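Trainee: Sequence:
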Amino acid sequence: MRSSNPVFSRRGFSRDNNGYAGFNAPPQAGGPAANPYAGTNPYAQPGNPYAQDAAQATQAPSYAPQTGRMTMDDVVLRTGMTLGTVIAGAAVGWIFLTKSLGFAVGAGLIAMVLGFVQSFKRKPSPALILTYAAFEGIFLGALSGAINDIPKLSGAPMQAVMGTMAVFVAMLVAYKTRIVRVTARFTRYLLIAMLGFVLLSMVNMLFMVFGGGDGLGFRSGGLGILFGVVGVVLGALCLALDFKQIEDGIAYGAPREESWLAAFGLTVTLVWIYTELLRLISILRD
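The sequence shown: position 83 = 82 (numbering that gives the first Met the number 0), numbered continuously.
Derived from the structure by calculation, the hints contain no laboratory data.
Because the structure is a prediction, the values reported are computed rather than measured.
It cannot be assumed that every hint is accurate.
What the hints assert, rightly or not - Pairwise CB distance ranges (calculated):
| no. | residue 1 | residue 2 | range |
| --- | --- | --- | --- |
| 1 | Ala90 | Lys120 | 21 to 31 Å |
| 2 | Phe95 | Asp285 | 22 to 32 Å |
| 3 | Ile178 | Met71 | 17 to 27 Å |
| 4 | Ala126 | Gly195 | 13 to 23 Å |
| 5 | Val172 | Val208 | 39 to 49 Å |
| 6 | Asp72 | Gly195 | 15 to 25 Å |
| 7 | Ser99 | Met157 | 18 to 28 Å |
| 8 | Asn147 | Arg177 | 16 to 26 Å |
| 9 | Val116 | Asp285 | 33 to 43 Å |
| 10 | Arg184 | Phe102 | 37 to 47 Å |
| 11 | Val104 | Leu194 | 43 to 53 Å |
To be verified - Simulated pairs of lysine to any residue, SDA-like, Cα-Cα distance not exceeding 25 Å:
| no. | residue 1 | residue 2 |
| --- | --- | --- |
| 12 | Lys120 | Met80 |
| 13 | Lys98 | Gly79 |
| 14 | Lys120 | Gly101 |
| 15 | Lys151 | Ser219 |
| 16 | Lys151 | Leu76 |
| 17 | Lys98 | Phe242 |
| 18 | Lys175 | Phe242 |
| 19 | Lys151 | Ala169 |
| 20 | Lys122 | Val229 |
| 21 | Lys122 | Met201 |
| 22 | Lys151 | Gly221 |
| 23 | Lys98 | Lys122 |
| 24 | Lys122 | Val160 |
| 25 | Lys151 | Leu225 |
| 26 | Lys120 | Glu256 |
| 27 | Lys175 | Leu152 |
| 28 | Lys175 | Gly107 |
| 29 | Lys120 | Gly107 |
| 30 | Lys175 | Pro254 |
| 31 | Lys122 | Leu76 |
| 32 | Lys98 | Gly221 |
| 33 | Lys120 | Ser219 |
| 34 | Lys122 | Leu82 |
| 35 | Lys122 | Val75 |
| 36 | Lys98 | Ala145 |
| 37 | Lys98 | Glu256 |
| 38 | Lys98 | Thr84 |
| 39 | Lys175 | Phe95 |
| 40 | Lys98 | Val112 |
Cβ coordinates follow ideal geometry from the N, Cα and C atoms, glycine included.
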C-alpha cells in the first residue's frame, strides 16, 4: 500500500505480518526462511550493504547510529536545510514579489513540477529538493505578503505559521504516545480521503476558472470552513505517515541518502498544512 503525501507520492508503505505499515523498497532476494524480517525489513536483505547482520536481524530493530545508515540526526539536519531554504525563499517573495503575483504563481508552478520530478525519481536528489524548496518558498512568501497587506487579514500568515507548528508538535506527541497508530488500514483510508479531497479541489478550481465566482463554494462560507478543517486534519494525519517512514527507515537501516526523502516529505506536508491553515484563517477573518 503506497503512502500518500498531500501533494506527492513518495516511498511507499507495505503491510507486514502485524498489520503495520513498513518502509517499502523494491524486493530483493531472500525470503522468510533466510531472514525473519524479510518482507517487513527491505534493508535487512543479503544484497544491501547497509543491512543488519544476522544477530541483529533476530532482535528488535536497533536505533543506534551506524556508518552509512540513516540516523535521526541526518533527518533533522536535512529537514532543517530544506525548511531553511523555504524560509529564505519566502523572505524573497514577501519583500520583492508581493505586488507581482504573476511571478509568484510562476514560482509555484515550477515548484510543483520539481516536486513531481523528485517524486518519480528512484533516488533523492538534494539539489532538486533544495531547488523545489526555494521556489515553493518564493510562492508562499509572495502569497502570504499579499494576504497580509489586506487590512482585515493582517497577521493571518503569522497565525498560520504558529498553527502549523502547533499541528506538527501535537501530531508528533500523538504518534510517539501511540494515540495515532499507522497501520495498513489507516494508510489505505487516508489515501482514499486524500485522493477525494484533491479531486474535489481540482473540480472546484475548474468551476472557478470557467464559471467564475467561488466555483462549488469549497473555499468560502461555512462549506469553505468545513473543507479547510478537513484539509488541515488530513495534512496532520499525513505527518503520522511521515513519522512512520522515518522511524522505520532508521530502525531498518535505510541508506543515509534516504534522509533527503524524509526531509522532502515533511516539507511538502508542512507546506500543505500551512496553506490550508492560511486559507481557513482568511475565511474566518473575512
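Trainee: Could you check the structure against the hints above and give me the numbers of any it violates, in ascending order?
Mentor: 4, 6, 8, 11, 13, 14, 16, 17, 19, 20, 21, 23, 24, 27, 28, 32, 33, 37 and 39
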